[in-house]
Amino acid sequence: MVPAVPPPVRPNPVRAYFGNIRRAVSSTFEGMTVTMSWLFRRPSTIQYPDRTEKPVREMLPETYRGLLEVDLSRCTACLLCAKTCPLGCISIETCKHPDGAREFQTFDIDNGLCMFCGLCAEACNFDALAHTREFEASVSSAEQLTVRFVDRPGRLVAKAKDLPPRRPRGSILAALIPGFGRRRRRAAPPEPPASPAPAPAAGAEGPENPEGTA
Amino acid sequence: MGFEFVVVLLFLTTSAVIVGIALWLGRFLRPRLPSAEKASTYECGERPIGSAWFNFNPRFYLFALVFIVFDAEIALTYPAAAVARRWIAEGRAWLVVAEIVLFLAILVAALAYVWGKGELDWNRDLAGPEEMP
Amino acid sequence: MNIIQHVANLLIRSVFHADPASWPWTWLVQAVVIGIAAFLAFAFVAIFAGPVSWIERRIAGRIQSRIGPNRVGPQGVLQWLADGVKCWLKEDLVPAAADRPLFLAAPYLVFTGMFGAFVVLPFGAQVVAADLNVGILYLLAITSLVVVGLLMAGWGSNSKWALFGGVRSAAQLVSYEVPSAFSLLCVVLLAGTLSTQGIVAAQGGWPWDWFIFRNPFMFAAFFLYFTAAIAEGNRTPFDLPEAESEIVAGYNIEYSGMRFLFFLFAEWANIWIMAAISAFAFLGGWQIPGIAPEQIAATKGWEFVGWQALSWTIFLVKATFLVFVVIQIRWTLPRLRVDQLMITCWKYLVPLSMLMVLGVLVLLALVPEGGGADTILRGAMVGLGLAVVLVSALRVRRTFRVDREHYREMEGRDLWYPPYRLP
Ligand code: SF4
Ligand code: SF4
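Chains as they are written, first to last, in numbering that gives the first Met the number 0: chain H, 0 to 213; chain C, 0 to 132; chain P, 0 to 422.
Read the hints as simulated data drawn from the structure, not as lab findings. Only a predicted model underlies this, so the values are computations on that prediction, with no experimental measurement involved. Worth double-checking, as some hints may not be accurate.
Derived BS3-like pairs: lysine-lysine, alpha-carbon spacing no greater than 25 Å straight-line [stated by the list, open to error]:
id	chain 1	residue 1	chain 2	residue 2
1	H	K158	H	K53
2	H	K95	H	K53
3	H	K95	H	K158
4	H	K160	H	K53
5	P	K346	C	K116
6	C	K37	P	K89
7	H	K82	H	K95
8	C	K37	P	K346
Derived CB-CB ranges, DEER-like [as the list claims (entries may be wrong)]:
id	chain 1	residue 1	chain 2	residue 2	range
9	H	M114	P	T312	58 to 66 Å
10	P	E245	H	S137	49 to 57 Å
11	H	P7	P	E404	39 to 47 Å
12	P	P288	H	E57	53 to 61 Å
13	H	S137	P	P417	28 to 36 Å
To be clear about the criterion: a stretch of chain P counts as covered by chain C if any three or more of its residues have a C-beta under 8 Å from a C-beta of chain C, and this derived list gives those stretches [to be verified]:
id	segment
14	36-46
15	55-65
16	172-178
17	233-239
18	257-270
19	292-299
20	356-370
Beta carbons are placed, not taken as given, at the ideal position from N, Cα and C, and that holds for glycine.
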């Protein structure tokens, strides 16, 4: 059995017509006053990057997977990272000296290709390759997206037996690319004077009646 | 009065010339690297299917028709409205009131007709009520 | 005498030492002066449209509790310049499938249609490029040129989005022309003239001399006109022709670079034009309270210039205030649907504006101007206007104060952050 549907109540068309006009006027008025009051409110957005309380980098968790950085003094050129990378963004080349020592030719990471999956850092057994908390990677040409870590010739490949301590994370990138990710910060403007003292309640409005009469 | 219309004409020409000059000067500033991809019609990244010159909703046409009637009437009412004040001052109020009310009455009749026919409703079943076989 | 002839005669007398009536080159000097006047008007549009686009974005930011563009120049005041230069340096693309002549010609028509309105706008006591005796009809006619331009852009682009945008804008502009023409008819009834300067002269400097406060029907007609004007300017909540979320960008979707900029430019200038029309037709235009236009015309030299400047300022302040109202409406109301748009116009605005015409006509015939009934009516309407302003101010204050308590509880800070304090 299909339950009987009561016939829809048809509103009086004339009343509906004038009701629509009244609703349009009152809701527009109401909306305008609300948006107007927003002009006097503190924006909830904070100006990035120069008005945040501290640099955004420092608010990120330690495990954040930002731009990759390699400490060449700890890298044994085992190529594990380059082989693990599903995209092949890491290219490492070395050459051998006659005395058996090896020297880095290239150690490039293509940030334009990298998807920050962390597999390479996971694979590195010597804590040479790691993510930093740098993320502001914009540069002015596609060329610059590739970070070249071999900054001078004669960088010898490390021996796994005696590794120097890991340099602080982020310091290598910072030294490599001057000003990278370190924008000028400005002091926040002084607090405004407190709002004018609440005047005596006028008419229907007043703080003791916050929900108020419409 | 002739002078005033010369001003209008010169204003319109000047504005067209300003647009022309701005576009022409831009020619020396902007690159020109045409490619087939750029010259294709934008359809949110899809390859456009067919031309856009097809028949569109005829309801636009109905509104345009109604508008023409209304606009012609309004244009005719303006002169009457412009002299209304003077005629009322001269004691011929009934004449101008009758005239404008007549104009308005024609329009009200037209509007009532169109409204009653349901031509003002956008969401309309153009095929009419379905009949059960 | 027309201000342009005045300036030209002055030039001829002082620079060429000739008598303008008999000198054979008078027409040439006049043409040059008109050209300069047109260029000044263009500069005014550019200087107005640019910063207002920035101001709107800042206001939108505050309404949406964010900051808005503040990078180019101090607090972003040069943002509009950067945008303009960027558009100028962009490649000018014409789709291969487009109807080339239509596509290329559309910006000219849109811009010319917008710009033509400036000819009759009464900026100051004596400052109007041409005081046409059919001013209001001319305004209605010339602004319809924009429709042609938009249709040409929509059809010529041969893109489905553009076509829908163009057709929608044609239907919308054409429909809303009816209520706006009816509302202006009320003004013409009261002023007894079609000339724009005549309409301003028929009002006065004090609010009770403005047409909007003449009687209740004029009060309603103002709001009807304003609504219709917003729709004619393609502004939210009537911005269906360029509804980003429905038809991407509407009629201007295929345009790039400078051609695109001219569409935007015309749109911004159109806001100002409709605000200016509302200001001169309903809000008393440039009239200075307490001084009659004849007194201004009788002054000489720097005094004359001073009065002119004051009348300019008054007009610009009124128009700019209305521009801000338009901006705020844009960030307050959601967009209408196509059917709602058409119903709003034909079922509500058109009958109501007809009613206003009738009411104004009857009152004009029955209530003699300057009589006791007229004075009472005007006083009551000014009181009503004041009440609207007061009530809305109180509402704003109440909305703010309720939320300030909550904010202080949650954030421990004061919510007060006035608009003049820039983040
Ligand atoms: S993070 Fe992933 S994608 Fe990037 S270099 Fe390492 S393995 Fe390759
Ligand atoms: S970074 Fe680590 S994994 Fe990659 S080559 Fe060097 S030591 Fe091997």
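The hints, checked one at a time:
no.: 1; hint: K158(H) with K53(H); verdict: 39 Å, violated
no.: 2; hint: K95(H) with K53(H); verdict: 46 Å, violated
no.: 3; hint: K95(H) with K158(H); verdict: 14 Å, holds
no.: 4; hint: K160(H) with K53(H); verdict: 39 Å, violated
no.: 5; hint: K346(P) with K116(C); verdict: 13 Å, holds
no.: 6; hint: K37(C) with K89(P); verdict: 13 Å, holds
no.: 7; hint: K82(H) with K95(H); verdict: 21 Å, holds
no.: 8; hint: K37(C) with K346(P); verdict: 44 Å, violated
no.: 9; hint: M114(H) with T312(P): 58 to 66 Å; verdict: 59 Å, holds
no.: 10; hint: E245(P) with S137(H): 49 to 57 Å; verdict: 33 Å, violated
no.: 11; hint: P7(H) with E404(P): 39 to 47 Å; verdict: 43 Å, holds
no.: 12; hint: P288(P) with E57(H): 53 to 61 Å; verdict: 59 Å, holds
no.: 13; hint: S137(H) with P417(P): 28 to 36 Å; verdict: 34 Å, holds
no.: 14; hint: 36-46; verdict: holds (count 5)
no.: 15; hint: 55-65; verdict: violated (count 0)
no.: 16; hint: 172-178; verdict: holds (count 4)
no.: 17; hint: 233-239; verdict: violated (count 0)
no.: 18; hint: 257-270; verdict: holds (count 3)
no.: 19; hint: 292-299; verdict: violated (count 0)
no.: 20; hint: 356-370; verdict: holds (count 6)
This entry does not satisfy hints 1, 2, 4, 8, 10, 15, 17 and 19, going by the numbered hints stated previously.
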